[in-house]
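Asks: The chain contents come next:
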Amino acid sequence: MIGLDIHEPQSLEEAFALLGDDESTARPMGGGTALMLMMKARLFKPSALVSLAKADPRFHGIHLSSDGKAFTIGAMTTFAALEHHDAIAKHLPVITQTMVTLANPRVRNVATIGGNLAHADPHLDLPPVWLSLDSSIRTIGPAGERIVPLADFFAGYYETNLLPGELIMQVHVPVSPGWRRRYVKITTRSAHDWPAVGIALGLQMQAELCTDVRIVLSAATDRPLRLEAAESILRGQKLTPGRIADAAQATGDIHIESDSRGSADYKAHLLKVHLARALQDLSE
Amino acid sequence: MSNQRIVNFTLNGEKSTAIVRGGETLVELLQNKFDLKGARESCGQGLCGCCTVLVNGSAVAGCLMLAWFVDGADVQTIEGLANGNNLDPVQEAFIEAGAFQCGFCTSGFILMTKKLLSEHPDPSDEEIRHYLIGNLCRCSAYPEIIEAVHLAAAKMRVLARA
Amino acid sequence: MATITAGSQIGRSIPRLESRDKVTGRAEYTHHLKLPGMLYGKIFRSTMPHAKIRKVDTSAAAALPGVYRVVTIDDIRTVIPHPYYGPAFHDQPVLADGKVRFAGEPVAVVLASDPAVAEEALGLIEAEYEELPAVYDELEAASSPHLVHDELKPAATFPDLQHLKGRRGTNIALDYKMRRGNVDAAFASADHVFEHEFRTQQVMHVPMEPFVTVADVANGQATLHTASQGPSFVRIEIARLLGWPENRVRVKVPHLGGGFGGKLYIKLEALVTSLSLLVARPVKISLTMEEQFFMVTRHPCTFRIKSAVTKAGKITARKCEVWWNGGAYADIGPRVTQKAGFTSAGPYDIENVWIDSFAVYTNRPPCGALRGFGAPQTAWAYECHMDMMARELDLDPVAFRRMNMLRNGRPQAGGTVMEDADIEASMDLALERIGWNAPLERVSGNIRRGRGIAIGFKGITAPTTSVAIVNVYADGSCVLYISTVDMGQGSDTVMAQIVGEVLNLDPEKIKVIHPDTDVTPYDMGTLGSRSTYHMGTAVRLAAEDAKNKIEELARDLDMPPGSNLPVAELLRKKYGMQAGNIIGTGSFMPDYQKPDPETGQTRKATPFWGVGASSAEVEIDMETGEFKVTKLVNIADVGVPINPKLVEAQLSGAGIMQYGFTTIENMIFRDGQLTNGSLADYKIPSLLDMPKVFINEATRSNQKDGPFGAKGAGESTTIALSPAIGNAIADAIGVHIPDLPVTPEAVYRAIQSLKNAGGH
Ligand SMILES: Cc1cc2nc3c(=O)[nH]c(=O)nc-3n(C[C@H](O)[C@H](O)[C@H](O)COP(=O)(O)OP(=O)(O)OC[C@H]3O[C@@H](n4cnc5c(N)ncnc54)[C@H](O)[C@@H]3O)c2cc1C
Ligand code: FES
Ligand code: FES
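Protein chains in written order, with this note's numbering: chain F, 1 to 284; chain S, 1001 to 1162; chain W, 2001 to 2760.
FYI, nobody ran anything at the bench for these hints, they're computed from the structure. Treat the hints loosely; a few may be bogus.
To be verified - Derived coverage of chain S by chain W (criterion: at least 3 residues anywhere in the stretch with Cβ under 8 Å from a Cβ of chain W; other residues may be distant):
1) 1099-1112
2) 1153-1159
What the hints assert, rightly or not - Computed list of lysine to any residue pairs in SDA-like fashion (alpha-carbon distance at most 25 Å, straight line):
3) F:40 / W:2680
4) F:40 / W:2032
5) W:2645 / S:1151
6) F:40 / S:1006
7) W:2692 / F:100
8) W:2052 / W:2675
9) W:2631 / S:1127
10) F:54 / S:1073
From the three backbone atoms N, C-alpha and C, an ideal C-beta is built for every residue, glycine too.
Generate coordinates for the entire structure from the input sequences, incorporating the hints supplied.
Replies: Put into structure tokens, the structure is as follows:
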């Protein structure tokens, strides 16, 4: 690559100025892993990369609120930092579990959770998990800060609802005790492939009853998607095999694309079977 | 100028300086300016591990890391692993287990094994398989690699006791 | 130094000679080579699968600061009037010439001192095309009016292809025939006739060191440093292309980062040599991983197989029709078509055999040699076919195979008598290791389990030659000169063991010189499991020649017989100081008889037989089709293993590679465009994909005319592996899957089709 500028702004103002306006092809950079892949494949050629490493301390760190009810995680947090964080392992074990099959240790040492969200590739493993945890994003831009629920964040294949010049600063993740959670990564070729289907699940059980539930589908659709129809079949109900089967069936009208990992039909089928199995497992 | 800079860093224990360009990767820097051959680009996508380098003690993909950011860092490559003519126990284990054929992937496997054993001194097969998931060997010396990791772990335990 | 006694080097698992270089990152690969004043070339590739080139506008690229030159075929033609190359056919232009034949074909090259500049300039080249109708499928292409090449242009190097010269109006590059007995009569009178069709997919070698060549052509000398498996062939073909004598072309190969058949014959060398000749500077082209998918791949194949079987289960006739999708350029495809066609009826003793095997041009990336040379594709068909018939006839698949098996002393379908081929012993060991007769819990919940067995064989490319030189220095130390390329299979080590065995030397102290055609003598190529047998024999002969000369020297010096004075002392006595050498040479070409072109019959088709047997145990999720190969066993007959550990590594490495071709790997095309041409999307096996129980073993056998009883080992476990898995899956789910790769979706669809048909 020639003619690529690199900046490490020491303040947000400087970062915003470097990132420029709507027309600018300068890009913010987290770990740079996704950016490098796209530049190498000549998918796009930014004029400059603006590293967020030194722009603001709020982009860093993993903090559990004093009441223990939520995590605030800086966008520049690497996957490895998340993976090896004791409080995360304790309160959000599903995150730690997801890390084991996410990319590889070298990528995890470098890639950031902010870059991962902004990249908005529907095959990524963490976004559906954040979504199933009811997370939200704190953004910051020239026009100020916003809190965006993750459910409103993704706009499509590689697209988000970030405003021009806006950055992801933090991810807020509520800690909700008593939930059982799981991320199911289904690959159809090698074990180190992208998922054909990803399912992030959360289940709140009181005795036999499912009091609340989150089901998020990824990889098979153009963005991570809450499967609300299926959720509503389960919410407030006993999770009998029949009810679980009904919920799995309720995924039938989701638009799924065929690709090299499987036909649309087959992926829809995998979703049904694995969703039902995971629900069954979690409810026991 | 922001498309070129001087980077000062430590390379295998030696203070080093180079002029790098904005788009230059770490593996390009090592090969072109320092004639180090152990980290090499194969997939170019962070998947195969042939370009593995340790930066501040963490393994990274040299093909995806911009050389720009090694300023101030401690960089270690396979060339810095042996102590003179004395091989590292991981290197010895790879020879004894025959854990390579063509050898193109070997530096990456050895450096990753180093890191694996620092985190899991006595890894299970499962831990080995997961930790080395980002290292591909087309000669498929995989069974021998698993053997080498166990052997290296045993060697390092003996050394630790001594 | 410990005294080395005769016989002590054979069967010794010494570590690879180059081990230290490889674990310290110091091993030399062409990948790293830089020459002073060198230019880097980047390739501009076609976006069209089949099109006339209207115009290539290189002006903007040429104007980019730092670009040295942009080159098209017109420029090449100013220095090489007929810039076409290829091992079997001279059909491949150095750069696209007037038309493009596959999406990804090289059209122009940018040269610059800085590879990043060359890369940048690629984006500034514009090509205009006039699209032509394209053909992608081998069956369709065979009868299509849309031609990939107007005329067939066989190379002079293969005399048996000369009858094809000038043939027009067809995409069939070669038709191979074998005829034995009367199949029609046998089918007419058969108790049962079975006919099945199988397909295999296009896959790629994926060497971790991508293709790379450096050429330095100046002052009437050409020096190539190249990642090649066949330096001698490269020299001959480059000399032909340049119209120069062979002694002005030098080809050097340092360590090679994987080959698997891909880096054989001539590849990037033709282009890079032409470029260097044109600009009179050293030029280097290194492909990226993505570009490798456009260099060479493995043939997809359609195989129609038909067998006549008696009530008792004796196969009386077999007809094979094999269509090889060779892509846009023949490469060595015609040889694959012949050699794999030759064994496509399987290792069975069948009275009446009819084989047609066709090499077909299509508008896909070219296909060539890949570990197994077509044998794995054919075995997929004939071994699945065996199980399908056994199922229909309600025969035990093992007994059915035993009843029909080709045994030593019997002629193979082409007339060559089988010798030293341990097919049955290999099968028996595969059965034993998998626990064939042990109870299997066939059903648990959604899971069904099954076991499968398969056997296979292959002939070895013939006739081919290897030459070796052994040089004993004045101090008694020893150097071996060979052009065999050690790409990780361990040939340097094994050859040193052979020298050590003959000359009573420690092989770890012998130096093996890497191929350099100015120094190392001719070898046909490091391919087709031939090195241990061919080069191994040449090396043994060279070492024996040296030994004879040492004995002669002792006699000349009037040493009493049996005095066993060390060479160093003999030479010192002769020359009065530490001086001189003992040079031994050896050359080997095995016996061969050209097959009859109409019937394929010959007394001697192959110097030896590659034999493999595999067995597998699988677990299928009946709801999703997801499966696990829980146990995989690969057995090969390698004769006497010279270095058992290296042999085992070959068996298991080949096995895992073939496992990828069976279950994971697939080049997927849409309208002639490859859609998954990178490792992000074309997956190869990783540590996590390997079957948990994975056994690789050689049978105890002896290749009587091989060096110390040895024969090749690099391909044998690729042959039977896929059908063993396919048969295990069928055993579990009750139906066969005819196409590779076997994916979870394919298994799921098979289960569904069986359900819909009212099966269990
Ligand atoms: C070999 C390999 C394997 C992988 N396997 C997996 C896998 O199995 N599962 C998985 O989920 N992912 C996988 N990934 C993808 C990986 O998760 C992403 O590459 C990574 O998350 C991107 O993070 P980054 O910090 O490197 O992003 P960058 O490359 O820095 O940035 C990505 C995008 O986000 C923008 N951006 C970065 N930070 C911010 C911010 N704070 N605010 C706004 N925009 C920002 C950038 O401009 C860019 O558009 C893999 C990647 C590689 C290289
Ligand atoms: S070359 Fe960097 S990971 Fe493959
Ligand atoms: S040893 Fe050849 S790729 Fe690993």
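Asks: Are the hints correct? Go through all of them and say.
Replies: These are the hints, each one checked on the structure:
1. 1099-1112: holds (count 9)
2. 1153-1159: violated (count 0)
3. F:40 / W:2680: holds (13 Å)
4. F:40 / W:2032: holds (20 Å)
5. W:2645 / S:1151: holds (16 Å)
6. F:40 / S:1006: Holds, because 23 Å separates the two Cα atoms, which is no more than 25 Å.
7. W:2692 / F:100: holds (19 Å)
8. W:2052 / W:2675: Between residue 2052 of chain W and residue 2675 of chain W the Cα gap is close to 23 Å, so the pair holds against 25 Å.
9. W:2631 / S:1127: holds (20 Å)
10. F:54 / S:1073: holds (15 Å)
Hint compliance for this structure: hint 2 is the single one not met.
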